Each structure stands twice: as C-alpha cells, then as structure tokens.
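J.: Residue numbers (our numbering), protein chains in the order written: chain A, 1 to 146; chain B, 1001 to 1146; chain C, 2001 to 2084; chain D, 3001 to 3084.
Among the hints, a few may not be true.
As the list claims (entries may be wrong) - Stretch-level coverage of chain A by chain C, calculated; a stretch enters the list once three of its residues show a Cβ under 8 Å from a Cβ in chain C: (1) 5-18; (2) 73-83.
To be verified - Straight-line Cα separation of at most 25 Å, PhoX-like style, residue types lysine-lysine; simulated pairs: (3) Lys44/A - Lys1017/B; (4) Lys3040/D - Lys3026/D; (5) Lys2026/C - Lys122/A.
What the hints assert, rightly or not - Here are some chain C residues pointing at chain A (derived, C-beta under 10 Å): (6) Met2001; (7) Lys2004; (8) Phe2008; (9) Ala2009; (10) Ala2036; (11) Glu2058; (12) Ile2075.
Derived from the structure by calculation, the hints contain no laboratory data. Note that the coordinates shown come from a computational prediction; the quantities given were computed from them, not determined experimentally. Positions of the beta carbon are idealized from the N, C-alpha and C atoms, including for glycine.
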Amino acid sequence: MIEITHEKIDLDSILAKTDNPAAGGVALFIGRLRNHANGKKVEKMEYHGYEKMMQSELEKIAAEARAEWPVRELAIVHRLGMQYVGDTSVVIAVSCDHRAEAFEACRFIIDTLKKKVPVWKKEYRSDGAEWVNGKIPDPVWAQYVQ
Amino acid sequence: MIEITHEKIDLDSILAKTDNPAAGGVALFIGRLRNHANGKKVEKMEYHGYEKMMQSELEKIAAEARAEWPVRELAIVHRLGMQYVGDTSVVIAVSCDHRAEAFEACRFIIDTLKKKVPVWKKEYRSDGAEWVNGKIPDPVWAQYVQ
Amino acid sequence: MTVKVLFFAMLREISQADELDLEIEKAISAGDLFDALCNKYPDFEKYKSIVSFAVNSEYCDRSQVLNDGDELALIPPISGGRHD
Amino acid sequence: MTVKVLFFAMLREISQADELDLEIEKAISAGDLFDALCNKYPDFEKYKSIVSFAVNSEYCDRSQVLNDGDELALIPPISGGRHD
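Please work from the sequences and hints to get the whole structure.
T.: Next comes the structure, spelled out in structure tokens:
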C-alpha cells in the first residue's frame, strides 16, 4: 500500500495492512508536524508534491526495501496540503518475521523518502512564511559536485 | 506510561500518549505472535511474568532511554496470558523531536526489554507445548562465565 | 516538438503557473531549457545551481536532451531533510 | 528468619506452587537456597547452572545472602530472545 493523500491519515487502516500471520515484528514511523524549527515557532506547514513521481519513487523505495530485507507487508502513506502542529504527515509501516529487519527496513524507507521523493514544504512561522530550505535529491546531486 | 496487562492492547490509547507538540517523529514497535518458530507451526503462546519486577525493570529501561536520548513521550505496554497468532504482545512507542532519536530509543527499549525483563513464554506448537528456551538475563549472566 | 514543463513550490509561485506547454524548434537539454526559462522568469536565476530535473517522472542529469512529448519537471531542493 | 521464594514458568510447574514461605535457621545465599530446593524438587536440578536470582525485585548474584523478610525470585532464562 503506497498512497498519497490530501486527507487525514488513518493509522488503523495502515496497521491493518501490516497484518500477516508470519510477521512477528512491526516497525512504524509516524512523522508529525512539530511546533518548532531552528528555534522558531511553527504554526502550520503546506506540503506540496509532484504526486505522480512521489508514487513512482515510493514504489522504487518499497521495491528496494523488499529486495534488501525479508519484508512481509509494507505501507507508506504521505499526506499533502496544509497541516497543523500535531498532524501526521507521513506514516511508514513494515512487518517482518523478526524485529531487527522491520526496524532497518522502516528506517531505510523514511531516510530514503527524504532524499528522493519530490515533496516541498512551506513553513508558516511566527515571523512569516518560507519554503523550507531543502536538499538536492540524492540521485542527481553528484552532477553538481566536481 | 508503563503497563503490564492481561487484556488486548489498545494501540490508539498508546499512540495518544506519544502526543507532544514538540515531537516530530514517533517510532513504534509492535511485537506480534507469529505462526512459526524454528520451522514449526505455532498456534498460541502463554506469557507469564514476574509482574512487579517487570514494572520496575521497564521503569529502569525507560529512565535509561530518557537519559540517553531526548525523549518527549514514551509508552511501553506488555501483555501477559494466553495469546494467539496475530495478537499483539508488546508495544513500544517513543516520540522525539527528530526521527533518528526516536528510532534509536525505541530499538534500545525493545532490545533491552528482551534481555532484562522477567517474562517467560510457553509455546503451543503442532508437536506439543514447551517453555521457550530463553536467555540468562543480562545483569547476571557474567557470574556464569569464567 | 512539444515539451510540458512542470513547476513546483517556489518555482510555481514565481511562474504563477502549474505547468507550461512549450513549442521547441530544435533539440535542447533540460538544463538549457531551464536557463532559457530564466529569461522569462528572472527570479528563477537563483535556483540555477540547485535545481534538479526529472523527465517523465525519472530523475535525470541536466544534460539530458528532451524529446517530443516529454514532461520535464523542475525539482527545487526537496525539503524532507530539514525536519527530521 | 522468613524468606518468600517465588517460582515462575517451568519451576512453577515443577513445584506446583507460585510461592513458598521458608523458615530458615541461619544465613544462606540465594544459590545455596536453590541447591537446597533441589532436594525438595529434584527436577530443579537441571536448571541449577542457568537459573538467575532476584531479591526484592532486583537481580543479584547467586552469592547474595538473604535477610529476614526477603522475597527471592528464581528466574529461569527469560524467553524474549528467541522470538525476535
């Protein structure tokens, strides 16, 4: 299950996707909007994405995770649009037979998501709004390094 | 929130405990009873614990995690009694400002739980029932090693 | 030939467009097309050294030459990295 | 003096008791008390080299000497380790 949504993320339905009688461990990551960034108060954040490519990049990441770890079930949901402090913007859930694999695969997915998936965030702070200063995505940054 | 229960674990109430406006990442581990062990089919498992000491050991582990990582909120729930394939026997949830800390603290807690918390499991397999072959707990094993 | 260019985040705000269909006379690379767009949108200039490219939803080098019907996405630095 | 001994898992099945209140004449270590219990419950013998001890809910060495009113838990190998 890989999904881009503009609605509130329903955690129960994601967890249901991880059910598998052979899986003994589920590792879950929930990314929430927090109220501070670089020492400043954050009120809300607008998430903007290239949805078609988000989907295809997430599918590649999921395939890489499955190739590297014995994943039973896997779910990735990313929310776009305006979000407020405490809102859940991304959820990654991975079930495996053993917990070490589940942790590693889950962490790989969120780490890689942040390096490759085309998402942008506009931060609304007490001192104004600004696009969050991002990173050149992983697969292409090399061309800028001599 | 550190709890030993004989009832079904309610994940929503655990997640609610991780709410904190400053926390940007929640790492969650869910341990479920899986249907196989060492190549044999498992039907159910009876969890037995020294409850008073489980509570005090879990409190120590939680304190160690808070000393090592900047934990905002933390919840540990362990279920005892008879459990069936797919049942959730343990949940660890940790919220931190940043995801790396949340992952590390969550993993530390479940890894340490398995080394120190006095729990025993009787496995009911297709070929009979047996107490799961365990490990000498971490703080005392040294005395057996010359 | 025709190329569709997609704008995101601050590039969308600058261009005030989600996308643009461009008629192009001769073969051009993704990077050169971006440079040309800097004439149309001068505020694009400051993203010149940090913008990435994707053609038909696949990341590519700035030297990739565009074909008729290609969808070129201009990818400003992605912003997952800071809030973790 | 009185010591309460707690049994868990297979030790509970062998002893058919959750706990036992013992009257002890003179100071004894946790390990020696276990050895004495092996006379009462011969099937304890095979856990002799792998049992751990906790006094008043704190892990301790087998040489720890018991005091009046102590609660001694006999801790068979804990079984988190296999199913992960």
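J.: Determine for every hint whether it applies to the structure shown.
T.: How the hints compare with the structure:
no.	hint	verdict
1	5-18	violated (count 0)
2	73-83	violated (count 0)
3	Lys44/A - Lys1017/B	holds (22 Å)
4	Lys3040/D - Lys3026/D	holds (19 Å)
5	Lys2026/C - Lys122/A	violated (37 Å)
6	Met2001	violated (21 Å)
7	Lys2004	violated (12 Å)
8	Phe2008	holds (6 Å)
9	Ala2009	holds (4 Å)
10	Ala2036	violated (19 Å)
11	Glu2058	holds (8 Å)
12	Ile2075	holds (6 Å)
Hints 1, 2, 5, 6, 7 and 10 from the list above are not met by this structure, while the remaining hints are.
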